[in-house]
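Residue 1 is where the sequence shown starts when you use the UniProt record's numbering, and the numbers rise one by one after that.
Everything labelled a hint here was simulated from the structure, so no lab data went into it.
Everything numeric in this text was worked out from a predicted model, so none of it was measured.
Any given hint might turn out to be false.
Restraint ranges, calculated between C-beta atoms of paired labels, are given here [claimed, not checked]:
| no. | residue 1 | residue 2 | range |
| --- | --- | --- | --- |
| 1 | D181 | H160 | 17 to 27 Å |
| 2 | N84 | G169 | 43 to 53 Å |
| 3 | E97 | T209 | 14 to 24 Å |
Ideal Cβ positions, reconstructed from N, Cα and C, are used throughout, including at glycine.
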Amino acid sequence: MADLLEYDGSTDTILEGTVWGDTTVQDTGLVSEPPLWRPVVDGYVLPLGYGDTLRTGSHNNIPIMTGDNLNETSWTDMNVTRYNSAFTTIMGNNSKEFFNAYPASNESEATARTAAFGNDINRYTTWHWAKDWYLGGATKDVFAYFWTHSPPNQTSGAYHGSELWYTFGNLPTFYDYTWTDHDYELQRIMGSYWANFIKTGNPNGGNLTRFPASSPNKTNIVMWLGDTFGAGKIVDDTDKLSVIQDLFLMNPEW
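Turn these sequences into a full structure, and let the hints steer you where they fit.
Shown next as structure tokens:
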């Protein structure tokens, strides 16, 4: 530490010659690499990485509600050439299976398939994490959702965090959006799910559409919230599911 302090906060000097100082490091494809600045397993604050934590049953046994949003992975500039190049790099030896499951012959299809793959990946990883949570010995429920409703007066769709306007009853405080009666009804429903979960560890209650807990034995348990309400498939095709599973088998645990 004393040596570091001699540099008087000169980050460039401290990082020179290390991987952290290499400004050319960048993602190799559309699926992001792990962040360079990620938590350090120091044996004290973080005694284990997340994989070992789950495998050894060292995680806290608490109910969890978590999810993903429809337009967290939207693309507007994907063409066929870039699509083929990027996913050949990402999928490697499994690229043929990928293109069979997510075919694209024009710019519109390439953009749509990229977004669809991203949403499938998001839902699958959340479910897979919940499965490992259970297999590690947790007995409390995990409730996974997929938010699909776009707030008004913006072009980013159901962007990251957009469900929070509804869950915490914040619609009246954000005047830039022209909230509709439908938005206020969604706020009532979403707020009820969240309030129930906060009070009891279970979002269900009253006349709300049943919100099923995830299951380690099924891949069709994710709650769709927003434009529709109800349990739906994580991935709508077995070939797509196989492609995603193979992708995760190819990659190391970070």
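Taking the hints in turn, this is what the structure says about them:
Hint check: D181 to H160, Cβ distance near 25 Å, so the stated range 17 to 27 Å holds. In this structure, N84 and G169 meet the distance hint of 43 to 53 Å, their C-beta atoms being roughly 46 Å apart. The hinted window of 14 to 24 Å between E97 and T209 is violated, with their beta carbons roughly 35 Å apart.
Checked against the numbered hints given earlier, this structure breaks only hint 3.
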